[in-house]
Amino acid sequence: MSNATLVSTVVNGDAVQFACPSDESLMTALRDRVGLTGVKEGCGTGDCGACSVTLDGQLVCSCLVLGVEAEGRNVETVEGLAQDGQLHPLQEQFIEHAALQCGICTPGFLVAAKALLERNPNPNETEIRYALAGNLCRCTGYDKIVRAVQAAAKDMRKAKRR
Amino acid sequence: MTHDKSYVEKDYKVVGSRVKRPDGIDKVTGKARYGADASAPGGLVGRVLRSPHPHAQILKINTAKAEKLAGVKAVITSADLPDLTNGDQGMAHILENCMARGRALYDGHAVAAVAAVDEQTAAKALKLIDVKYKKLPHVTDVDEAMQPEAPVLHDNMFTRGVEPAPTKPSNISARTQMGYGDVDAGFAEADVIVERSYKTEQTHQGYIEPHACLASVNPDGTAELWVTTQGHFTFRNVCSTLLGLDIAKLKVTSSEIGGGFGGKTHVWAEPVALALSRKANRPVKLVMSRDEVFRASGPTSSTSIDIKMGAKKDGTITAAVAEMRYQGGAFPGTWAMLGCMTAFACYSIKNNRSVGWDVVVNRPKVAAYRAPSAPMAAFAVESTIDVIAKEIGKSPIDVRLKNVAREGTQAPYGPTYGPIGIENTLEAVKAHPHMRAKLKKNQGRGVACGFWFNIGGQTCVDLNIGIDGTVNLNVGTVDVGGARSSMAMIAAEELGISYDDVKATIGDTASLGHNDTTEGSRGTFSSGMATIFAARDAIGVLKQRAATMWGIPLEDVEWQDGQAIAMGDMHSNLPALTLKEIAAKSGRTGGPIAGHNEVVADGAGMGFASHICDVEVDPETGRSQIVRYTVVQDAGKAIHPDYVEGQFQGAAAQGIGWALNEEYIYGDDGRLQNPGFLDYRIPVCSDMPFIDTKILEVPNPNHPYGIRGVGETSIVPPLGAVGNAIADATGVRMTHAPMSPPRVLSALDARDAG
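Chain order of the listed sequences is A and B.
Using the working numbering, the letters of the first sequence correspond one by one to residues -3 to 158.
Using the working numbering, the letters of the second sequence correspond one by one to residues 196 to 949.
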């Protein structure tokens, strides 16, 4: 590895260091250097959303971000969704609604849906469809995914009221 | 032990419920391991060098500079994959498709490969490989490839199925004809005759996970392959043949698969990865980029189809003729034959004839794509039927019902149908509230039908009962969309235990006998059958053990609801023994308790579907938005209704993408211009409405639970349904798919120009 840069960052709440070449994507760094293979590569060109993560809370395609850009930032991946052994309501509802078939797009959908519900806890169907339009799914026709997101949003609103 | 395959009606406790899938948590937490998610000690990165030319002679490949680059551990060309195919032409074509042998036949054809310590070094090494090409004339269009002056791809290819046999080679690999009756007499009886020509463009399965594998070959000829595949046993057999390995010494493990839809039934990079590993003496991971997936895996055929149909005023179709040209990419296939078999399969047409032409062109070798070849034929036939309905002033559904195939109808490809569900799906469509919903301005509604055979094939299942009474079910058909749930449900149903007590796993090639690939909608049908029989075998053992525990004759023991019952007044004092109780004592009553089954699951039930599509066409842009969509399909028996609905919805969405947007665009230079998801646009979430589904259950008489396959059929109707809806909305009949905005707009302009 020539011209590697040491990167100090926080991933899913844990301090992480890795060394990567300056032209390596955050997606590759997360997968190959941090070991978070829940970050999926579907295209490498920002068209499929399978590698979606959040960077300081902002939803990004990690294939379009450089690994070195994670320096001093907060990265969240699908591996950070479940807390203390408790699945996130989106994870629960994706299973409950059979919103995944092959499952390769699922991590990206979950991260993108979580980002949506954090800024809009009560999205209508159209808002969900447009918010998730950057994530490709080839198995489901999106029907059960949209329903799962609607159900999770409802669960999360209910939990907040409690 | 032989088992009865015939259907028996019964009340189900587990089958038909909506349980949670066993791989759900792994897949929502990122733990599930797909093709690219494995690594090995000392593993190298493999990369493939591909031809930039659609057709070229390879004069020389100089790999010396690449080999000298620090960190490069192996460089291979076709010389490292000697031809061991022993006269098997199909296998020779697979080999040549994996690595060009003296000529490149399409843009993207592999010509060399490297294995290096990391990605950067591998990429650098590819640039150091010097390939001298001599460009040859190319052809990428199916109709042009059939012309006498077209450049010929294979000078040893003479059209089969033509009398007298041709003396000159051509790009037409075969002519197929089928049908029955006297079509001339049929057309003479007709009050109206409609003739139309159609074109469909090439599409890709578009699975989100690119092809990926991790190969490791040892000097003693033992090897392992971790790979995303629909059929690890088939991959093992093919790779063993191409690499000269013993079948038993190559262990293939199927990773979780990120979509296949037929596209992961064939090998491309896997033999290359194995050859690299063999040369480097280290494990090699090879992952295709999306660009490589589009250019060099196996999309489906583009086609050109002529249809002529005649009908009486009462709607009876008196004759139907199809002439269909399918391109198979650079190597011959049997895609047109499948088009011929399926074109008129929904109908009972007294006089019908289908002629198919299989054609090679300078494009990647075509692979199966969900009900391969049927959607194009159905687009042509279903569109033409609507034109007929309009001409005779009848409803398109009534014309279809008037001619619908039933039990006893002879299929155009020969056999006579048993109980089938096409009429049921049409009646359900006719009665559906969707048909009575009001349409708005610029909206139209279309209906279309579809057929797919479904297949069975070789299957092998192992069922092992643990000492706590929980059950390991080892299945050999790759789970592409929730099949582990369905298999565990079936095992639980048969044994009479809880779904949660069965854990289904997909076994590797070292743990089970051969299983055919998960294709042809066969997974649940065939592994379901083998699971039922394996469970019944295990019940036989459980009864034997109960008899031993009680000290009574075996014939006095029955199995009911997960427990052994001692029958007869003599044994009325013996309390029932549960599966758990018998399992706990198994060490003292004869050892482990297991059931096993290997079967050729024949008797697959034909699948039929009818769809309703509402579309809104923007008159200014020609863009079509699907506003409502309903799928009605006969499942035979829905084991897990969620995943049956999921198959219907996913298939419909793929068909809608094909109908409206997706196409391979080749430039005059013979190169693919849109090898990425930005320009090859599959439907996104905001393109789609909810897809309503209705599952019908007309039992397949050849399966104990009545199962038919469900995975493929619903990709067949959408092209016709969308085209018919656009015609209803605009009055314009689209004959070229995809019916993309530019094509619709120019058709609208032509309409307005009169």
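Hints in this document: simulated from the structure, not taken from any laboratory.
Idealized CB from N, CA, C, for every residue including glycine.
Errors might be hidden in some of the hints.
Which chain B residues stay away from chain A? Per the calculated CB distances, all over 10 Å, these [what the hints assert, rightly or not]:
#: 1; residue: G225
#: 2; residue: E344
#: 3; residue: G356
#: 4; residue: G609
#: 5; residue: D732
#: 6; residue: A771
Restricting the straight-line Cα-Cα distance to at most 30 Å, the calculated cross-link-like pairs of lysine-lysine (DSSO-like) are [unchecked claim]:
#: 7; chain 1: B; residue 1: K889; chain 2: A; residue 2: K150
#: 8; chain 1: B; residue 1: K263; chain 2: A; residue 2: K154
#: 9; chain 1: B; residue 1: K474; chain 2: B; residue 2: K263
#: 10; chain 1: A; residue 1: K156; chain 2: B; residue 2: K226
#: 11; chain 1: B; residue 1: K322; chain 2: B; residue 2: K255
Hint check results:
no.: 1; hint: G225; in the structure: 2 Å, violated
no.: 2; hint: E344; in the structure: 39 Å, holds
no.: 3; hint: G356; in the structure: 35 Å, holds
no.: 4; hint: G609; in the structure: 34 Å, holds
no.: 5; hint: D732; in the structure: 31 Å, holds
no.: 6; hint: A771; in the structure: 35 Å, holds
no.: 7; hint: B/K889 - A/K150; in the structure: 27 Å, holds
no.: 8; hint: B/K263 - A/K154; in the structure: 64 Å, violated
no.: 9; hint: B/K474 - B/K263; in the structure: 15 Å, holds
no.: 10; hint: A/K156 - B/K226; in the structure: 28 Å, holds
no.: 11; hint: B/K322 - B/K255; in the structure: 15 Å, holds
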